[in-house]
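S.K.: Chains as they are written, first to last, in our numbering: chain C, 1 to 636; chain H, 1 to 290.
Note that these hints are calculated values from the structure, not bench results.
Please note that a few of the clues may not be correct.
In silico DSS-like cross-links for lysine-lysine, where the CA-CA straight-line distance does not exceed 27 Å [to be verified]:
| no. | chain 1 | residue 1 | chain 2 | residue 2 |
| --- | --- | --- | --- | --- |
| 1 | C | Lys570 | C | Lys553 |
| 2 | H | Lys117 | C | Lys580 |
| 3 | H | Lys117 | C | Lys163 |
| 4 | H | Lys72 | C | Lys579 |
| 5 | H | Lys12 | C | Lys576 |
| 6 | H | Lys70 | C | Lys567 |
| 7 | C | Lys629 | C | Lys567 |
| 8 | H | Lys117 | C | Lys574 |
| 9 | C | Lys580 | H | Lys162 |
| 10 | H | Lys156 | C | Lys553 |
| 11 | H | Lys117 | C | Lys553 |
| 12 | H | Lys12 | C | Lys553 |
| 13 | H | Lys70 | C | Lys580 |
| 14 | C | Lys573 | H | Lys240 |
| 15 | C | Lys579 | H | Lys70 |
| 16 | H | Lys240 | H | Lys261 |
| 17 | C | Lys383 | C | Lys430 |
| 18 | C | Lys574 | H | Lys285 |
| 19 | H | Lys132 | H | Lys285 |
| 20 | C | Lys163 | C | Lys553 |
| 21 | C | Lys390 | C | Lys247 |
| 22 | C | Lys579 | H | Lys117 |
| 23 | C | Lys570 | H | Lys70 |
| 24 | C | Lys320 | C | Lys356 |
| 25 | H | Lys117 | C | Lys611 |
| 26 | C | Lys247 | C | Lys237 |
Quick caveat: nothing in here was measured; it's all calculated off a predicted structure.
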Amino acid sequence: MKFLKQLLNIKAPSSSNLLDVAIILSIIPHLFVMKLFMIIYTIIALIFIFKKEKLKKDQYILMLIGLFLIAISFFDNYNFSNFSRMQFFVSLVSSLLIYAITLQKFTQEVNIYLKISPVLLMLLSFFFFESITMLLYSIFTLFVFVLLNIWHRMDAPLIDVIKFTSQLFILSLPVVVILFLVFPRISFQKAEFGFKSDRYSASGYNDKMHVSSDEFKPSGKVVMEVFFKDLNISDSKLYFRGSTLYKQNGLNWEKSSKSIQADKLVKADAFIEYDITLYPHAQKWIYALDIPTRQVDKTELKNDFTLISKKAIYTKTRYKLQSSLSYKLISNNLSTALEVDLNGTKRTNEVLKELKESNLTDYQKTAHLVNLFRDNNLSYTLKPKNLNLKNFTDSFLFEAKNGYCIHFASAFATSARLLGIPSRIVTGFKPSKTNMINNYLLVKSSDSHAWVELYIKSMGWIRFDPTTTASQNLDEQDDTLNRAQTKNGLFQKINLNFMYVKYLIESWILDYNRLKQLNILHKLLNDTFYLLKFILAICGIFLFSILLYITLKSPRCKDSVLCEMNKLLKMLKKHKLVKKEYETMQAFLLRAQKKLNISLSNVNKIYHTLKYAQNDSKENIVLLKNEIKKLKDLLK
Amino acid sequence: MKSLKTYISILKSVKNRPTKFFFFLVVAIVSLFLQAYIHNYNIVFLVIFFLVGVAGASSLYGVFNLYYIKVKLLSSQRFFAHSSASYKLSVVNESEYPSFDISVTSKHKTTYIKSIKPYHSRTISLEEKFDKRGENFLPDVRVHSYFPLPHELKYKDLNINKKIIVYPEANGVSLFKLYNLNNSLNGDINDFEGIKKFNQGDSTSYIHWASLAKNNSMMVKNFIYEDETKKLHFDFKTMKGNSEQKLSQLTLWILECEKYKLDFSINLDANTLDSKKISTDEILKTIAKY
Chain C
1 MKFLKQLLNI
11 KAPSSSNLLD
21 VAIILSIIPH
31 LFVMKLFMII
41 YTIIALIFIF
51 KKEKLKKDQY
61 ILMLIGLFLI
71 AISFFDNYNF
81 SNFSRMQFFV
91 SLVSSLLIYA
101 ITLQKFTQEV
111 NIYLKISPVL
121 LMLLSFFFFE
131 SITMLLYSIF
141 TLFVFVLLNI
151 WHRMDAPLID
161 VIKFTSQLFI
171 LSLPVVVILF
181 LVFPRISFQK
191 AEFGFKSDRY
201 SASGYNDKMH
211 VSSDEFKPSG
221 KVVMEVFFKD
231 LNISDSKLYF
241 RGSTLYKQNG
251 LNWEKSSKSI
261 QADKLVKADA
271 FIEYDITLYP
281 HAQKWIYALD
291 IPTRQVDKTE
301 LKNDFTLISK
311 KAIYTKTRYK
321 LQSSLSYKLI
331 SNNLSTALEV
341 DLNGTKRTNE
351 VLKELKESNL
361 TDYQKTAHLV
371 NLFRDNNLSY
381 TLKPKNLNLK
391 NFTDSFLFEA
401 KNGYCIHFAS
411 AFATSARLLG
421 IPSRIVTGFK
431 PSKTNMINNY
441 LLVKSSDSHA
451 WVELYIKSMG
461 WIRFDPTTTA
471 SQNLDEQDDT
481 LNRAQTKNGL
491 FQKINLNFMY
501 VKYLIESWIL
511 DYNRLKQLNI
521 LHKLLNDTFY
531 LLKFILAICG
541 IFLFSILLYI
551 TLKSPRCKDS
561 VLCEMNKLLK
571 MLKKHKLVKK
581 EYETMQAFLL
591 RAQKKLNISL
601 SNVNKIYHTL
611 KYAQNDSKEN
621 IVLLKNEIKK
631 LKDLLK
Chain H
1 MKSLKTYISI
11 LKSVKNRPTK
21 FFFFLVVAIV
31 SLFLQAYIHN
41 YNIVFLVIFF
51 LVGVAGASSL
61 YGVFNLYYIK
71 VKLLSSQRFF
81 AHSSASYKLS
91 VVNESEYPSF
101 DISVTSKHKT
111 TYIKSIKPYH
121 SRTISLEEKF
131 DKRGENFLPD
141 VRVHSYFPLP
151 HELKYKDLNI
161 NKKIIVYPEA
171 NGVSLFKLYN
181 LNNSLNGDIN
191 DFEGIKKFNQ
201 GDSTSYIHWA
211 SLAKNNSMMV
221 KNFIYEDETK
231 KLHFDFKTMK
241 GNSEQKLSQL
251 TLWILECEKY
261 KLDFSINLDA
271 NTLDSKKIST
281 DEILKTIAKY
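Bound conformation, chain H alone (with noise of 0.2 Å):
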């Protein structure tokens, strides 16, 4: 038996709100009343009696069927200021009986689940938008439901407690668009030089398919750009713009080079973030806390 002050602190640690239906049903247990009242129509009392205790045992039923329910999280993607990214929940029901009808929510998207069996979870993805670069905490969730009865909504907020590197917007002249410009890189991004046999280890996004109908060989592509001695310097001091528009450029160029697997280097102050020594995201970390 689980003492007073348990059952008062998981009833306090759920809380509710009135739904509309909760204004039906007070409109609908005044006009029971009126005739009730005035004629002692005891049906019509019991109905309206049977109403009060069910909805008051609704509410109880609707706190025990959140106060279990836990979110953990699981993974998220690269947060960058001012753009949507998603993270991946797992949301568990710790109680003994299954819960129903609960919805999870962030600021910016809703993910409904129709129920959790007893001591079971359910991944769900949801998404949050950062407005500035740096160390950051994802916000709470709102965990919520309507069962069993809509006449008002029980909610409770989780902590996900998780400490996060919201990097700057990646922003700019695309890394590509300014070589062109430079005409020291020749050709498109996504120009390539010719054909070559598919090796073992060669990405499948490279595969030229037109190869492979005709002649039915596996070719991939050789690309312009896909010269691994030629490695990028930038040079935070000398690029244009203030500190937050250069972080973005540069951003922006971290993962273009990530993306065509290009290798870079960046003065940053007294520091050289060499991504032949470190990782793309440890020097996303350095540049977001810069």
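Pulled out of the complex, with its shape left as it was, chain C reads as follows (with noise of 0.2 Å):
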């Protein structure tokens, strides 16, 4: 704290240093883009920089490392190969930027290209990162840089800077505000600058089923955010649909080897129109609500209505989907969809034997298997116990009892082709609205999730969710988990609203584009409420903005008394008295007494009294106040 105010109250430091300040910002986002051998090269040059006694020679040594290091560092890279042309442009012009920084640092020569040098940075950086840190950091830098300058021509310490700085960038922000909706754009794409990260996480999901007896470790991880266009969706429609599963080869479901014909959408009811950000997961997978209705671009709707990427998803990607939420998907060819393992399921057999020879319809049958697993008590749990895998079906439906979701679903699709229902198990996401703000929806790596689709020839194939037959959820029992989850609860709710926010930024700040804009002026042109709520924000913005500007600009109070009575100085201007600079407070006082015709004597026996005689006591302070706030009174 104490070297804080220290720092806020030191005066401009040299315009070198400044300089080195502004360079060492701007270099900050090339660290993490950086080859090793760059990043060595840097910190050598740093030491032979701060080397005390400079010889001629280490000029030409430091030359010579950075040369080979920058050889070294773009080696790999010649060949062009897996190595986009711009990351390989910018990495070499950043690289040699700063190459040349470090050698005109160390001459200690001050040249206008060192002085230009952390522009030209800051320039690079924007080909490097497109997200919200760097936006925030753009801006940041450009503050700094903005403060430096005026820092440089202001004889006053870093507070006042700051706080001058700021003034400049409030009475900027509604013009940055208006300029930035109303600048006509071309594009309706969003840049795709920035370097590919090689980071991306799991998302919890894969297009193999693999029944085990492992505890599932739900991970919080974002997968997607989705924002809806309309409210109006139910929790019991939250199905993201990711691959349909055919063939059931001992314990795995896989994705059929033979080509399926085509399902198709006969029937599409209660369209839904949405947007999903995806994050980077290394696959194709596009994990669209419950079906979806179109295929968009870069998109592939496949034959069983899942959309796949025509290439891996490595960057954070956003889609423009429709889905249809009542509908009816019909199929031709439902032999792989009935092929059975019966290896495990004699038991289930056996009890489904009677079930299988009725003359019910499928979707009397689909009802009966629906009671049979609510009757039989199973129970959800992530920690699933007493599995015997060798005979699965009939361990999880009469033994063991309990599992998760792929224990539900494995069964289900089983035990529908054993009573001669085409199944399939279709695995994505299924989050849930407690995830739900508004319109946007974090989902997340714990909410994947597999369900079964039963084919019921009048009606194709239908949803069914059997993880909903449990009985019980036993992890809900257990204490401590429950204790644990209470403390993460407010810690969720507040990492929801930070991802609601982030959100909002990206697709407003950082996607908006010609789109956005056409939109926005239709409905100013056809909708009088929006116009009207577009002019009240705007002029939000200017009050705000003027309300920020009046707080900062207010001097800063230095001496409780002097700022007390610089507001009665204030008051007495506005009767055109104003304190001569030779003039003493009391001499003024007195004058104003005269003119004005009223008592200013206690004011100016407090004031002295504080001033003079060391006794700057609370009570005297307030006693000040108090009666400057009644010669205000007075005077107005």
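With the hints in hand, could you dock these two chains into one complex?
M.R.: Here it is as structure tokens:
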């Protein structure tokens, strides 16, 4: 705290030091994409720069080391394979610029090139990342550049320069907002600049399903963000389709190796429009709400109405999708959906034999199957116990009676096939509306889910979620887990709100494009209420800026007594009484008293007691405040 | 709240012109714009808009930084034609906020002031040079500043509005050189014929330091020409040269007489200017206006 106070009160350092601050600040984003050998060079260069005794030969040594390390840094990329030209170009220019800066710094001579180097570094850094962090960092860097420039001319401590620079930025805010909204754009697309990160996280999803007895450890990693156009979506409809798994291979469910004839969508109602922002997962899956009705740019709608990207997803990608919540999906070739592995289903088969041979329709049989699952008193748990994987279906339904979604889905799909009803498992995500704010839904890795689709002749493929047949959730009864969840509850809520704000910034700032601009214009021209809201928002920004500006403009109070007196002086100024530079406070107050014909002797007395009798007790300051307040009322 | 009219008059009162940094800013904005426009790169767009906004806000601040700066003439040296003379100005900040980075410029000198506190003033010295003798006005001084950002130079011209007299250029043959030639006075102006005891009122510049060092007694030099009975008479008519040359010569002699405390009188046409009756400034003024 003391350090901060000292820091805020320092006066402008030399212009060379200010330049160093600007260079360091603009070099930081480069460090994140810098090759290892360039980082090594930067460290070596810093050692040379800070060396007390500088020899002429040191400069040549540094020059050679730099050239050598830059060459090594880019050695692998000379063939250009798997390396974008833009990345190569920007990395190389950035490295050469840093090389030049370090050599110039070594000479201790500040030339024009060194002066403009922070701006060049900043311009280059825009090629690196396109994220909220980069947005904030860019504005922060710009703020500091302006601050350093002003500080160089302003004979004042840092705190005053920060205040002044803030005033400039606040004044510019309405201009920025208006220009950002109305400045004509030509592109509908978001920029695809930015280095493709090597880092991506597993979504917790796989297009295979392996039934095991291992504990499932849910992860809180974000898989995607969904923004619905309308709010009218129920929790029971939130099924995001990943893959359909037909083939049962022991404990594994896989996509069919045979080419499956395309499902046919014969009826689709209750359309819903939404955007999904998919986090990189290095795969092609796109999780669309069950079921997607159209493919969008760079995607493919597969036979089974799953949506995939044409290329693996390595960057955060946004898709504008449409789905139908009420549909009829029919299929002609169902042989694969009836293939059943009888291993471990002996008891199940016996139980279902009567139902299978009954004259009931497939739908009625399904209803009985659901009831059977319900009546079997199955429990939901992420830590399954006593499962015998050799006889999985029998073991799950009649012995262990506990498990999580994949156990329920596998047993249900197998049972349906035993009944002669075509079935397939669908894997994807089933988020909850508890992770929803307004139209925004956050889908996490822990929301990964598996459910079953059964083919009912008259209805086509119908979704059944066998996990809902669980009579109890064993994990909810676990006190330790509950306590931990309650503790995490608040954190999750904060996190959700944070993610929502982040999403809004991304969609309204980073992804703002011509389409959104045209939408706003269209609404402004056609919707009076929207126009009114828009005008009010702009006025609000103006008002906010002005208020903030006034708050910051008021001079910093260094001496509480003088600050109080300044209020009085300001008041008297309105009555054309200005204290002269040579005039003492006493003389001025006497002059004012004479001119205004009011008594200022109390203020005079308290002020001089506080100022010169070293009696600056709080009571006296309160007295002075009250006296000034009284005068204020009187002068009104 | 000040009226819009007042604000407009404030904005008009301070002028500006772009600096080299302005062109650098334009180049930076254009390059950023190309990057942003083609790819709809909103981070870059925002940086551009902030640059534009901050540059605009900075211009406004620059105007207010200078608007409340006023200057007042405090004193000046004597002005002689063809030679520089300095004058003192009080630079006052009449605003309730401090002003920064102010330069006050006359034709011949620039003085830099880092900051002036609210309702405070700073005294500076400037120089001026006139080509013609006679009555003149001190020209406007220019107050300029690069504050807060250096992309434009804000400036305003302030009228000092002070009538001054520019005396003729002091030029010609030195009075003492002339007397040496005529042999009517002996010795050089710096020669002294002895030393005497220091009395109250004696000039400290006459102190004979050698005596003080040797004998520790305060003695002063007794100059040859310090003869109060002698009075010099200059007649404008009989002097050589044209009028301007004669006036320059007279100015030089008047200054020399003033320096060495010699009494003199000048016959200028029908007037006689006697140093015992009127001040040197008045005599110089009459000559300047001749």
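S.K.: Now tell me, hint by hint, if it's right for this structure.
M.R.: Hint check:
1. C:Lys570 x C:Lys553: Distance ~15 Å between Lys570 of chain C and Lys553 of chain C Cα, so the pair holds.
2. H:Lys117 x C:Lys580: holds (13 Å)
3. H:Lys117 x C:Lys163: holds (17 Å)
4. H:Lys72 x C:Lys579: Holds, because 18 Å separates the two Cα atoms, which is no more than 27 Å.
5. H:Lys12 x C:Lys576: Cα-Cα ~25 Å, so holds.
6. H:Lys70 x C:Lys567: Status holds; Cα separation ~25 Å.
7. C:Lys629 x C:Lys567: holds (9 Å)
8. H:Lys117 x C:Lys574: holds (20 Å)
9. C:Lys580 x H:Lys162: Holds: Lys580 of chain C and Lys162 of chain H sit about 23 Å apart, inside 27 Å.
10. H:Lys156 x C:Lys553: holds (24 Å)
11. H:Lys117 x C:Lys553: holds (15 Å)
12. H:Lys12 x C:Lys553: holds (23 Å)
13. H:Lys70 x C:Lys580: holds (15 Å)
14. C:Lys573 x H:Lys240: Violated, at about 64 Å.
15. C:Lys579 x H:Lys70: Roughly 17 Å between the alpha carbons, so the hint for Lys579 of chain C and Lys70 of chain H holds.
16. H:Lys240 x H:Lys261: holds (25 Å)
17. C:Lys383 x C:Lys430: Cα-Cα ~19 Å, so holds.
18. C:Lys574 x H:Lys285: violated (46 Å)
19. H:Lys132 x H:Lys285: The given pair, whose Cα atoms are some 13 Å apart, holds under the 27 Å limit.
20. C:Lys163 x C:Lys553: Holds. Lys163 of chain C to Lys553 of chain C sits at ~8 Å (cutoff 27 Å).
21. C:Lys390 x C:Lys247: holds (18 Å)
22. C:Lys579 x H:Lys117: holds (14 Å)
23. C:Lys570 x H:Lys70: holds (21 Å)
24. C:Lys320 x C:Lys356: Since the Cα atoms of Lys320 of chain C and Lys356 of chain C sit roughly 44 Å apart, the hinted pair is violated (cutoff 27 Å).
25. H:Lys117 x C:Lys611: Answer holds: Lys117 of chain H to Lys611 of chain C is near 21 Å, not above 27 Å.
26. C:Lys247 x C:Lys237: Roughly 26 Å between the alpha carbons, so the hint for Lys247 of chain C and Lys237 of chain C holds.
Checked against the numbered hints given earlier, the structure breaks hints 14, 18 and 24 and satisfies all the rest.
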